Amino acid sequence: DTEVTQTPKHLVMGMTNKKSLKCEQHMGHRAMYWYKQKAKKPPELMFVYSYEKLSINESVPSRFSPECPNSSLLNLHLHALQPEDSALYLCASSPAPAGTSGRAYEQYFGPGTRLTVT
Amino acid sequence: DAKTTQPTSMDCAEGRAANLPCNHSTISGNEYVYWYRQIHSQGPQYIIHGLKNNETNEMASLIITEDRKSSTLILPHATLRDTAVYYCIVRVATGNQFYFGTGTSLTVIP
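Protein sequences appear in the order of chains A and B. Each residue of the first sequence is one higher than the one before, counting from 1023 in my numbering. Each residue of the second sequence is one higher than the one before, counting from 55 in my numbering.
Just so you know, these hints were derived from the structure itself, not from any lab. Hints may contain errors.
Stated by the list, open to error - A short list of chain A residues far from chain B (calculated; beta carbon distances all over 10 angstroms):
| hint | residue |
| --- | --- |
| 1 | Leu1033 |
| 2 | Met1035 |
| 3 | Glu1046 |
| 4 | Glu1066 |
| 5 | Ser1072 |
| 6 | Ser1093 |
| 7 | Leu1100 |
| 8 | Leu1110 |
To be verified - Under the rule of at most 25 angstroms between Cα atoms (straight-line distance), these lysine-lysine pairs were calculated in the BS3-like manner:
| hint | chain 1 | residue 1 | chain 2 | residue 2 |
| --- | --- | --- | --- | --- |
| 9 | A | Lys1075 | A | Lys1040 |
| 10 | A | Lys1060 | A | Lys1044 |
| 11 | A | Lys1044 | A | Lys1031 |
| 12 | B | Lys57 | A | Lys1062 |
| 13 | B | Lys57 | A | Lys1060 |
| 14 | B | Lys57 | A | Lys1063 |
The structure displayed is predicted, hence computed values, not measured ones. The beta carbon of each residue, even a glycine, is placed where N, CA and C say it ideally should be.
Working from the sequences, and respecting the hints, build out all of it.
The structure is reproduced here in structure tokens:
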């Protein structure tokens, strides 16, 4: 199984709502990532988890709260978002955090969640 | 933090080789070059990566210049399904991060 799944596929939420995005992989990967992609722009890294611990936060506003409950799951909790947060949110995973062996591993991406904030 | 420069768009005739260039003139010795593509509204798809040597897999070939300041992704026989945005990414081997550049929008023409 080389698939990263994301739910939901589409999400519409108001600025006062609380919602969560979910990401799951069963490849035994120990690094997981959240990216944000605006229309016609490249993906932008938001968060990196290594061995279930947050290792990188790219200065993301606190209204985005990541969580990694176990090695297969990654959540992104959303609260008090703004319309400009509307975007495609991509999850990815890789076999291991690079650095343990010097080898660089490819990232496997999910299909994304299309988020619209009204 | 993107360290790559790519042409904004390119066209290629179906059945011909598509050659996509990437400039990474500030690349360091332990940084890998990765190529991904993204078909409209889907997640990025891994194509190939390399450090110093040229690489080939079932999808493409990667040619890295001797000074490692640039590389070329070659799709040997482009099909309509290869129409996508192609991203060249430089990644440190000891880090987890991918920083995407602006990418090249490749259109394969019948």
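Checking a non-interface call: every C-beta of chain B should be farther than 10 angstroms from the C-beta of Leu1110/A. Is that right? About 7 angstroms separates Leu1110/A from the closest Cβ of chain B, which leaves it inside 10 angstroms; violated.
For the pair supplied as a hint, Lys57/B and Lys1060/A, is the alpha-carbon distance within the 25 angstroms limit? Satisfied, since the Cα-Cα distance of roughly 20 angstroms is no more than 25 angstroms.
The output says Ser1093/A does not contact chain B. Does that hold with a beta carbon cutoff of 10 angstroms? Given a closest Cβ separation of 15 angstroms, the condition holds.
Does Lys1062/A sit within 25 angstroms of Lys57/B, going by the straight-line distance between their CA atoms? holds (19 angstroms)
Least C-beta distance between Leu1100/A and chain B, which was stated to exceed 10 angstroms: holds (19 angstroms)
Do the alpha carbons of Lys1044/A and Lys1031/A lie within 25 angstroms of each other, as the hint requires? holds (10 angstroms)
Is the Cβ of Leu1033/A farther than 10 angstroms from every Cβ of chain B? holds (15 angstroms)
Check whether the Cα positions of Lys1075/A and Lys1040/A lie no farther apart than 25 angstroms. Satisfied, since the Cα-Cα distance of roughly 23 angstroms is no more than 25 angstroms.
Compute the least Cβ-Cβ separation between Glu1046/A and chain B, then decide whether it is above 10 angstroms. holds (14 angstroms)
Just want to verify: Met1035/A was marked as not at the interface with chain B; is every Cβ pair farther apart than 10 angstroms? holds (19 angstroms)
Given the hinted pair Lys1060/A and Lys1044/A, is their alpha-carbon gap at most 25 angstroms? OK: Lys1060/A and Lys1044/A at ~19 angstroms, within 25 angstroms.
Could you check that no beta carbon of chain B comes within 10 angstroms of the beta carbon of Glu1066/A? About 7 angstroms separates Glu1066/A from the closest Cβ of chain B, which leaves it inside 10 angstroms; violated.
Going down the numbered hints, you'll see the structure goes against 4, 5, 8, while the others check out.
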